Each structure stands twice: as structure tokens, then as C-alpha cells.
Amino acid sequence: MSAISVSQLCKSYDGRQAVNELSFEVEKGETFALLGPNGAGKTTTIEILEGYRKADSGSISVLGLNPQTDGAELKRRTGLVLQTTALEPELTIWETISAFARLYERPRNIQTVLVDVNLAHLRDNRVGNLSGGQKRRLEIALGIVGDPELIFLDEPTTGLDPEARRKIWTLIQSLNANGCTIVLSSHYMDEVQALANHMAIMVDGQIAAEGPPRELQRQHCTHSTIRFDVGDKLPHGFPAKLVADTVVLDGHAELVAEDPTAILSVLSLWSHDTGYDLSSISVTRQSLEDIYLQLVSQRQGNPQGGPP
Amino acid sequence: MMLIQEAIHQLRLFTRRPAAVFFVVAMPLVLLIVLTQLFGNEKIQGLGLNTAQFYTPALAVFGVVMACFTYLAVSTATARDLGILKRVRGTPMPPWIYICARIIAVSVIAFASLMLVIATGALAFGVEIIWERAPAAAVVAVAGAMCFASLGMMVTALFRSSETVQAASSAAIMPLAFVSDIFVRPSAETSEWVPLIGNLFPLRHFSIAFQRAFDYAYEGNGFALPDAEGIVYSILPHLGVMAIWGIGAAVVATRYFRWEARAI
Numbered sequence: 001m002s003a004i005s006v007s008q009l010c011k012s013y014d015g016r017q018a019v020n021e022l023s024f025e026v027e028k029g030e031t032f033a034l035l036g037p038n039g040a041g042k043t044t045t046i047e048i049l050e051g052y053r054k055a056d057s058g059s060i061s062v063l064g065l066n067p068q069t070d071g072a073e074l075k076r077r078t079g080l081v082l083q084t085t086a087l088e089p090e091l092t093i094w095e096t097i098s099a100f101a102r103l104y105e106r107p108r109n110i111q112t113v114l115v116d117v118n119l120a121h122l123r124d125n126r127v128g129n130l131s132g133g134q135k136r137r138l139e140i141a142l143g144i145v146g147d148p149e150l151i152f153l154d155e156p157t158t159g160l161d162p163e164a165r166r167k168i169w170t171l172i173q174s175l176n177a178n179g180c181t182i183v184l185s186s187h188y189m190d191e192v193q194a195l196a197n198h199m200a201i202m203v204d205g206q207i208a209a210e211g212p213p214r215e216l217q218r219q220h221c222t223h224s225t226i227r228f229d230v231g232d233k234l235p236h237g238f239p240a241k242l243v244a245d246t247v248v249l250d251g252h253a254e255l256v257a258e259d260p261t262a263i264l265s266v267l268s269l270w271s272h273d274t275g276y277d278l279s280s281i282s283v284t285r286q287s288l289e290d291i292y293l294q295l296v297s298q299r300q301g302n303p304q305g306g307p308p
Numbered sequence: 001m002m003l004i005q006e007a008i009h010q011l012r013l014f015t016r017r018p019a020a021v022f023f024v025v026a027m028p029l030v031l032l033i034v035l036t037q038l039f040g041n042e043k044i045q046g047l048g049l050n051t052a053q054f055y056t057p058a059l060a061v062f063g064v065v066m067a068c069f070t071y072l073a074v075s076t077a078t079a080r081d082l083g084i085l086k087r088v089r090g091t092p093m094p095p096w097i098y099i100c101a102r103i104i105a106v107s108v109i110a111f112a113s114l115m116l117v118i119a120t121g122a123l124a125f126g127v128e129i130i131w132e133r134a135p136a137a138a139v140v141a142v143a144g145a146m147c148f149a150s151l152g153m154m155v156t157a158l159f160r161s162s163e164t165v166q167a168a169s170s171a172a173i174m175p176l177a178f179v180s181d182i183f184v185r186p187s188a189e190t191s192e193w194v195p196l197i198g199n200l201f202p203l204r205h206f207s208i209a210f211q212r213a214f215d216y217a218y219e220g221n222g223f224a225l226p227d228a229e230g231i232v233y234s235i236l237p238h239l240g241v242m243a244i245w246g247i248g249a250a251v252v253a254t255r256y257f258r259w260e261a262r263a264i
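Heads up: the sequence lines are chains H and U, in that order.
Residue numbers for the first sequence, in the numbering used here: 1 to 308.
Residue numbers for the second sequence, in the numbering used here: 1 to 264.
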């Protein structure tokens, strides 16, 4: 059975369509990531799943429950990390997490949770004195202390330095390894590739591409770019059969191909025969990041935002 | 059980906020000492009371209002600004438990502040306590606490940010305190409309009903119906006014209360 099932979900604010006919499934035990730029509808989608917002239309099932009518049951079985930090600065870490633990029927051991999020040594520190990364880890601790089956992480690492992000990644990976289903949203492709086994790229309230990251890479990252320095135009005697496909830009020549090997062999032969210096040559396979940026710019250039 | 634990949690938060502790607990006490020293603890002209006998119950009421109205409104609005109310809604705690726990916590703070003022008045300034009126005074204190907690939640519901809630609650309480026999008492020279305006609002009813429990000019234990001459101590009409305001405010608060700082 799916942990989450969303079908034809729509939500608009003041006439602006925030989420438009969104459909996806999250299997139990998965780490599912919603990737998209600001304003793509990620938080709206997550907050509808959490029960904070009501969808205009569409059907939603979270752990087999309806977030609007089964809110109490859902809140016992899910954990949340909201997009913005919400902590009482006057309390210590221990007091903060104890106050949450007592709200759940079978909370996890507080000390164990603190060790998991690497905050045990700071347990008596005031929350107001913590760094951004420590606060975020504390919020993750609050999200997991109720021993949830499913946890929502809305941009868990936005605004943090690289080391703090790595620590949170490790934490999320260990949560998933313990069987918890994870739904996370992110701006960062590297984060999604590191954590998710199922991802959806969201742009303008719709899913632009969806699947396991490897699968998306296989489907979309089909081309390589060959690039080398040439000055302001192609040199005399450049292989005639490549001229039509070669673009000169800012002192580089670029060739794009699905399979670069044939072109490379022609180029290396030509270099060998004429002595032309090709030491600047590079071959780059498209990355998922490129695909993501391409999808975002395509969609955002289209104000209609998809089919009517 | 969850209710009591959450109320204790809210009390702990209060004790970690020195500014709040000062305004709610220390300020009424400071005012009592300052005003008693300023005017001398002698019989007030035209009244059968000395200064401390008047100011002790008046400032006890002021402390209750600072806790149940001002602190409740501002701390709830601040928690909303910080996203804490929204986060709490994402836990299994029923929303009504959270709100009731906050109200219980401020009521406990109000009670502590009130007892401190009365004990100081009695021990340091010779304020006499009329024990047969203690039950009536207790009823008034509880009714006042509930009425002003309800008004505090209404202010939080009607204003969006903690800054505006702070401004609105101060703007409401400070002028009212002057026409409600808390800082000053109307004298022979005071215009007649001053107490009339005061009587429209719940604060004067709270303060008068509580003060008369300490005033020998009145008779009875407070639970009798009022008489034509106005000699009998009766809390009933004052409770009525507080009930109307309290219930009205609760209705408005319930209707407009928001758990999130800004609607998207």
C-alpha cells in the first residue's frame, strides 16, 4: 500500500494557481523528494498533506487517512519539520524535546533521539544560543520523537552551511534506514540525489519530471558536450563533416552529441595530423542539475503554466 | 494530565522572561510601595480608607489584568509570530488543551501576583482584611481573571503581530486604569462622566467589586442584592458586566483566532 496517494490536487490563492492537478504516489519506506524553485508549490503541497491547508479539489490519502477529517489520528502517526524554524528560545534543548515527547503515546527515548541528532552534549543549552544547523537538528528531533511512520521535512537544509547540511543528510539517511517514510522538499539537486530514491521536479504547481533519480538521469541526460579553445573562429582545415554541428562561442568550440566517441576520434585524428593543440578539450555529460534548470526555465518562460 | 503538564510548561516559559515577570508580578508591588510612600499612609480625604487600604486591592486587580490580559495577549501573539502556534497544531495535542493551558498558567500567575500585593499590604502597611468578604473577593478575582483572559485572546485574534497586540493592549488598559479607580479615585472635583465612561468597561467593575471587599463603608459579605442607597456590598451587578464582556470577547476570539502569523 502507498504511504501517500495524491490525485488531481488543485489549490489556488487569490486566483493564483499554486498547485495544479498534481498527482503522485509515495511508497512506504521511500524517501520522496519534491524539488523545485521558490513558489513552485512544494510547501503548499506538503502543508495540504500535513493537514494545515485544505485542497480546492482532488483526492489525498496519507497513511490511508484524509488529512482534513482524520487530523488527530494523522498527527499521532506523522512527524513534521516545517519550513521556518519555530522554537521557544527561552527553553533548553532537553526541555523543548521533553515538552514534545509527552504529547505522543509511545515516544522514543529522549536521550537516544538527542544522540541521533548529535545534540546530546548540548542538552542543557538554551535554544536561543544555538546555531542555525543545531536548531534545525533539534527540529528534526521534535519531528521524530513521537516515533512517526512518516515524516515531512520542508526544506530541511535551506540556509545552512555545507557541513551542517551534511550532518542533516546523514541523519535523514539513518531515519530512512530505520524504515521511516520520508517526504522532503528542497531547492538543491545534490541534496535530492544524495537522499531520495524517488523524486519529482515541481515547477509552477505541476510535476515536470518524476521517477528515481537514476532513471531520470538515464531518460533525460542523453547528451554530452565537447568543448575546446579555438579563438574567434574555427581553424583552417577543421574537419569538414563537423563544421555544420560546431558552434563557436566566447573563444570555445562546442559540439553536442548523444555519443561523443565518433566525434572525438575525428577530432583526435585531425589534431594528430595537423598538430593543432587540443589540450583544452573537455567532454561533459548533462547532469540532472542541467535538466532541472532547463525544465525550470522552460516552464517559467511559459506563463500559462501547462495545459488548461 | 496533558492540560496540567502544558500549563506547567507555560509557567516555566513565564519564569524565563524577566520583563514579563517584572511587569506582571513586580510592578503592582512597586506601585503599591511608591504610591503609599508618595501620599503617606493616611486617611484619604472624603473616604474612610487610608492610602494602602485603597491601593492594595486596586493594584491587586491591576496585577491580575497584567497577567490575564496583557501577558496572555502578547505572549500568545509572540508565539504565533515565532510559528510556535502553527507547530503545536502539527502535534497530537488538541488545540483547546493548548489554549486552556495558557489561560490556566496566566491565572496561576495572576493569583500569585494578587496574593503578593495583598500580603505586602497587610504585613507592611497594616491593610485590614475583612474575612467574611473573602469568598466574594475570590469570586470576583476568578471572574475578573476569566473576563480579562477572554479579552486578551480577543486582542490576539483581532491584531496580527505581537507589536500591534502589545500596542493595542497597552492603549486599552492604561487610559482605562485611570477611569477605573485603580491609579486614582474620583474626587469631588472629578467630572461626572469619568466614572460613567469607566462603568461601560469591565475594568472598573472588576476593581470596584474587589476594592469594596476591603472597604468598611459598605456592609454585608458581597453576595446580597444591591440596595437603593448603595450601602450594601454587592458583587452581582459587577459580575454581570464582566460576564457580558467576557462572553462577548470569547465569541469574537473564537471566530477570528488564527494559528498562523500570516495567511498565504
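Quick caveat, the hints were computed from the structure, so don't treat them as lab data.
Errors might be hidden in some of the hints.
Said to hold, decoys possible - With a straight-line cut-off of 16 Å between C-alpha atoms, the simulated EDC-like cross-links for lysine to aspartate or glutamate are:
id, chain 1, residue 1, chain 2, residue 2
1, H, LYS54, U, GLU260
2, H, LYS135, H, ASP124
3, H, LYS233, H, ASP161
4, U, LYS86, H, GLU88
5, H, LYS167, H, GLU149
6, H, LYS135, H, ASP161
Values in this document were obtained by computation on a predicted structure and should not be read as measured data.
Here is how each hint holds up against the structure:
With a C-alpha separation of about 14 Å, the suggested pairing of H:LYS54 with U:GLU260 holds against the 16 Å cut-off. Between H:LYS135 and H:ASP124 the alpha-carbon distance is near 14 Å, which keeps this suggested pair within the 16 Å criterion. The hinted pair formed by H:LYS233 and H:ASP161 fails the criterion: a straight-line CA distance of about 43 Å is larger than 16 Å. About 13 Å separates the Cα atoms of U:LYS86 and H:GLU88, which keeps this hinted pair within 16 Å; it holds.
With a CA separation close to 22 Å, the supplied pair H:LYS167 and H:GLU149 exceeds the 16 Å bound. As the CA atoms of H:LYS135 and H:ASP161 are separated by approximately 13 Å, the hinted pair is consistent with the 16 Å bound.
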